[in-house]
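Asker: Using the sequences and the accompanying hints, generate a full structural model.
Chains A and B supply the protein sequences, listed in that same order. Residue numbers for the first sequence follow the UniProt record's numbering, beginning at 1 and rising by one. Residue numbers for the second sequence follow the UniProt record's numbering, beginning at 1 and rising by one.
Read the hints as simulated data drawn from the structure, not as lab findings. Each residue gets a CB set at the ideal place from its N, CA and C atoms; glycine is no exception. Treat the hints loosely; a few may be bogus.
[As the list claims (entries may be wrong)] Listed next, the in silico DSSO-like pairs over lysine-lysine satisfying Cα-Cα at most 30 Å (straight line): (1) B:67 <-> A:448; (2) A:73 <-> B:67; (3) B:209 <-> A:45; (4) A:51 <-> B:67; (5) A:288 <-> B:11; (6) A:504 <-> B:28; (7) B:28 <-> A:45; (8) B:187 <-> A:13; (9) A:15 <-> B:186; (10) B:11 <-> A:515; (11) B:209 <-> A:15; (12) A:51 <-> B:11; (13) B:28 <-> A:73; (14) A:13 <-> B:186; (15) A:15 <-> B:187; (16) B:11 <-> A:45.
[To be verified] Listing some non-contacts, in silico: residues in chain A with all C-beta distances to chain B over 12 Å: (17) 36; (18) 45; (19) 118; (20) 181; (21) 205; (22) 323; (23) 360; (24) 385; (25) 429; (26) 472.
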Amino acid sequence: MDMKVSKKKLGLKEKYQHMTRGLGWETTYQSMDDVFPFVKYEGIKIHDWEKWEDPFRLTMDAYWKYQAEKERKLYAIIDAYAQNNGHLSVTDARYINAVKLFLNGISPLEYMAHRGFAMTGRQFPGVGPRVACLMQSLDEIRHAQTQIHSISNYNKYYNGFHEYRHMLERVWYLSVPRSFFDDAVTAGPFEFMVAIGFSFEYVLTNLLFVPFVSGAAYNGDMGTMTFGFSAQSDEARHMTLGLEVIKFILEQDPDNLPIVQQWIDKWTWRGYRVLTLVGMMMDYMLPKRIMSWKEAWEVYFEENGGALFKDLARYGIRPPKWLDQIEQDKDHISHQAWATFYNYAAACNFHTWIPTDDELDWLSQKYPNSFDKYYRPRLEHWREEAKKGNRFYNKTLPMLCQTCQIPMIFTEPGDPTQICYREVDYKDNKYHFCSDGCKEIFEHEPEKYIQAWLPVHQIYQGNCFNEGVDPTAEGFDPLAAVLDYYHLNFGRDNLDFEGSEDQKNFDEWRGMATKNV
Amino acid sequence: MHIDLRTVSIKPQRQTFDHIARRIGPDKAASRYQEGTLDVQATHNFHYRPTWAPEHEIFDASRSAIKMADWYAFKDPRQFYYGAYTLARAKQQETAESNFDFVEGRGLADTLPAELRDTVLKLLLPLRHAAWGGNMNGAFITAYGYGTALTQPCLYHSMDQLGIAQYITRVGLLLGDDVEVLDEAKKHWMEDSAWQGLRRYVEDCFVLKDPLEVYVAQMVALDGLLYPLVYETIIDNVLASQGGTPIAMLTQFMTDWYAETRKWVDATVKTAAAESPENKAQLEKWITHWRDRAAAALMPVAQIALGAQADALTSELVGQFNARLAKAGVSL
Numbered sequence: 001m002d003m004k005v006s007k008k009k010l011g012l013k014e015k016y017q018h019m020t021r022g023l024g025w026e027t028t029y030q031s032m033d034d035v036f037p038f039v040k041y042e043g044i045k046i047h048d049w050e051k052w053e054d055p056f057r058l059t060m061d062a063y064w065k066y067q068a069e070k071e072r073k074l075y076a077i078i079d080a081y082a083q084n085n086g087h088l089s090v091t092d093a094r095y096i097n098a099v100k101l102f103l104n105g106i107s108p109l110e111y112m113a114h115r116g117f118a119m120t121g122r123q124f125p126g127v128g129p130r131v132a133c134l135m136q137s138l139d140e141i142r143h144a145q146t147q148i149h150s151i152s153n154y155n156k157y158y159n160g161f162h163e164y165r166h167m168l169e170r171v172w173y174l175s176v177p178r179s180f181f182d183d184a185v186t187a188g189p190f191e192f193m194v195a196i197g198f199s200f201e202y203v204l205t206n207l208l209f210v211p212f213v214s215g216a217a218y219n220g221d222m223g224t225m226t227f228g229f230s231a232q233s234d235e236a237r238h239m240t241l242g243l244e245v246i247k248f249i250l251e252q253d254p255d256n257l258p259i260v261q262q263w264i265d266k267w268t269w270r271g272y273r274v275l276t277l278v279g280m281m282m283d284y285m286l287p288k289r290i291m292s293w294k295e296a297w298e299v300y301f302e303e304n305g306g307a308l309f310k311d312l313a314r315y316g317i318r319p320p321k322w323l324d325q326i327e328q329d330k331d332h333i334s335h336q337a338w339a340t341f342y343n344y345a346a347a348c349n350f351h352t353w354i355p356t357d358d359e360l361d362w363l364s365q366k367y368p369n370s371f372d373k374y375y376r377p378r379l380e381h382w383r384e385e386a387k388k389g390n391r392f393y394n395k396t397l398p399m400l401c402q403t404c405q406i407p408m409i410f411t412e413p414g415d416p417t418q419i420c421y422r423e424v425d426y427k428d429n430k431y432h433f434c435s436d437g438c439k440e441i442f443e444h445e446p447e448k449y450i451q452a453w454l455p456v457h458q459i460y461q462g463n464c465f466n467e468g469v470d471p472t473a474e475g476f477d478p479l480a481a482v483l484d485y486y487h488l489n490f491g492r493d494n495l496d497f498e499g500s501e502d503q504k505n506f507d508e509w510r511g512m513a514t515k516n517v
Numbered sequence: 001m002h003i004d005l006r007t008v009s010i011k012p013q014r015q016t017f018d019h020i021a022r023r024i025g026p027d028k029a030a031s032r033y034q035e036g037t038l039d040v041q042a043t044h045n046f047h048y049r050p051t052w053a054p055e056h057e058i059f060d061a062s063r064s065a066i067k068m069a070d071w072y073a074f075k076d077p078r079q080f081y082y083g084a085y086t087l088a089r090a091k092q093q094e095t096a097e098s099n100f101d102f103v104e105g106r107g108l109a110d111t112l113p114a115e116l117r118d119t120v121l122k123l124l125l126p127l128r129h130a131a132w133g134g135n136m137n138g139a140f141i142t143a144y145g146y147g148t149a150l151t152q153p154c155l156y157h158s159m160d161q162l163g164i165a166q167y168i169t170r171v172g173l174l175l176g177d178d179v180e181v182l183d184e185a186k187k188h189w190m191e192d193s194a195w196q197g198l199r200r201y202v203e204d205c206f207v208l209k210d211p212l213e214v215y216v217a218q219m220v221a222l223d224g225l226l227y228p229l230v231y232e233t234i235i236d237n238v239l240a241s242q243g244g245t246p247i248a249m250l251t252q253f254m255t256d257w258y259a260e261t262r263k264w265v266d267a268t269v270k271t272a273a274a275e276s277p278e279n280k281a282q283l284e285k286w287i288t289h290w291r292d293r294a295a296a297a298l299m300p301v302a303q304i305a306l307g308a309q310a311d312a313l314t315s316e317l318v319g320q321f322n323a324r325l326a327k328a329g330v331s332l
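Answerer: Here it is as structure tokens:
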């Protein structure tokens, strides 16, 4: 048979370009403004979408092939972990509370990222960014589901996981991560990309995933560790996209710079506030510590982030605002947060406790400037009280910051003995803030932030009781009614770790697995 | 011999998450599809209204004229969560890869009669852009639809459409002399009168606001006529009988994909129509409208390969389409 000389072989880059580029077109039966209605209102100017450098160059067939291979391995490990009661090999049962925090606070954000990237994946007129966003949307539903699937096994044996979807929309502390993502998806497509694609996935992601995934690895939690490692190659793609977005927007028009800078300031601060939960987890919830929050901030933000912003300086970008405050805060926020959760342990779906002496010593050593002076005495006092049968449970509700929704627990920069309060009068109401950062973010978009569903306000307004509950009835117990509304099982999901059902069960089961009783 | 391997057995406290148990019962283990799908999307106490659409919540069922008491009544018969989806597609792409290898390795593209090769290029290549439109529409429903049971498979559909656009591109690069065939096909898509009806159809879908109407226009009407016409009728039957079997091999992904995907589409239509007489009436109105437009838009496309036969074969396909929808509870 006569074989024709094969055609000129295309390079990978060239081939990918043909596979994807040129698919879109300038619409004529409908105007481009109607087809892509949201790309102009934020004020970002894009002149040439073709200038977008595709960071992934991944065709769908290659995507399916690689990802399926990863899924096969991941689910094999999840199955084995479940079958072997892998949960009994974690360092101690306190660790499981870090997993609760993750499923309740983080996994739903993965799902929101999936929907958010579908929005930008529909709204950008350029083929390159659309495909990149949609692929990330697909990855994000992967992350949400692999997390749900691996943590599902913990839910079968331990409390605090069972109503994560219901609690996300109701429980006080979960409004912190949730409002963060609601804020991002209600912004325009460009702000979403700077908020999530750049600030969260690029600048702050190491401070979220490294602590949880390394925390899992350090504490014998193969299930959580495996989805983390499996997600890592996806994350690498997402980080590339985040950086590409910033450079693309800035290169398109000089007028974009001030808008982008304001978003970077806002979203670094918003993200940093959410990371308070991670800091607390690192310093208090991991029986086997990886590093302190302070060290993590220094490595992943000050060093890595510093290099990044040096690189971006040529576009006119300066480092985010309020870094001087963050610099001072790093000695404090994890301790302030843990104290808060210790206080409100009755209204929370994971357990808290006073660290052991070894752990207190570790904290003293990691935080020489602050721990012994401000935080250790308080923890020791609470421990003494608990020994006397007076475990402290705070029953009054805290004031929340209108922007980040964290209780007003943070201290004045430069004075760790004084709570930081800021306020703004807007349309006949007074709004309260935990910091200059949160206050300024509010002032930039007050009409947005006055809408916030603040859990404490909602309780006081009577919106957090189940239908049919009568708050005027005699003997009405508001806390109990709110916990019903949360679907929180009193005495099982909440209160101190010491004496909890999780603690008892874990000890008993581990005994069964390791001893011949 | 049966070996009884033993593991320490601990009685679980619960079988699954409470929101799943409320749907399937407390004593049942949930499937991965169920845990990864049911109630995953937020529904209550949203913090802010979208700055891009303040008249709606972030996720808002009132974006659609279709009303459901429970948006998780929709079920994907394929039970696709991400893992199941990628595994299914990875298997299909393996087949596609070996088909491409087979055709390329044996130089089968060069054995095609020149006229048939030209027909394929003319017919198939502009469909890259139609698939890209499908990708846009799937992304729209994923973004603005309500409930993970509906939005999740729409993202898979959207990415499948991108995959299909890329497979068509590969066919073009294999059959064409140069990458210029892609430019030429795009020119046809933009200017040639045979394609303007379809392009107008796709662009009109881009400005629809109701996610379920987009679903009807794309997944039900356009896919429902285009795939049977182009892949099942023209390529697998008509062209194959003229020596075009290698083309059928190169588009097997599309044929298999449609056979699988239509089951999900049927299930979706059936569930929405069975919900209420109002839904049924709305669906009938939409499907009739978009079916007629799709059939008209596809007629000149069919003529590229079928010439005078196009009319009869397209009417036949419309008849089959009506019968299919009747089974799903929609009378057209």
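Asker: Flag every earlier hint the structure violates by its number, smallest first.
Answerer: 2, 4, 7, 11, 12, 16, 17, 19, 20
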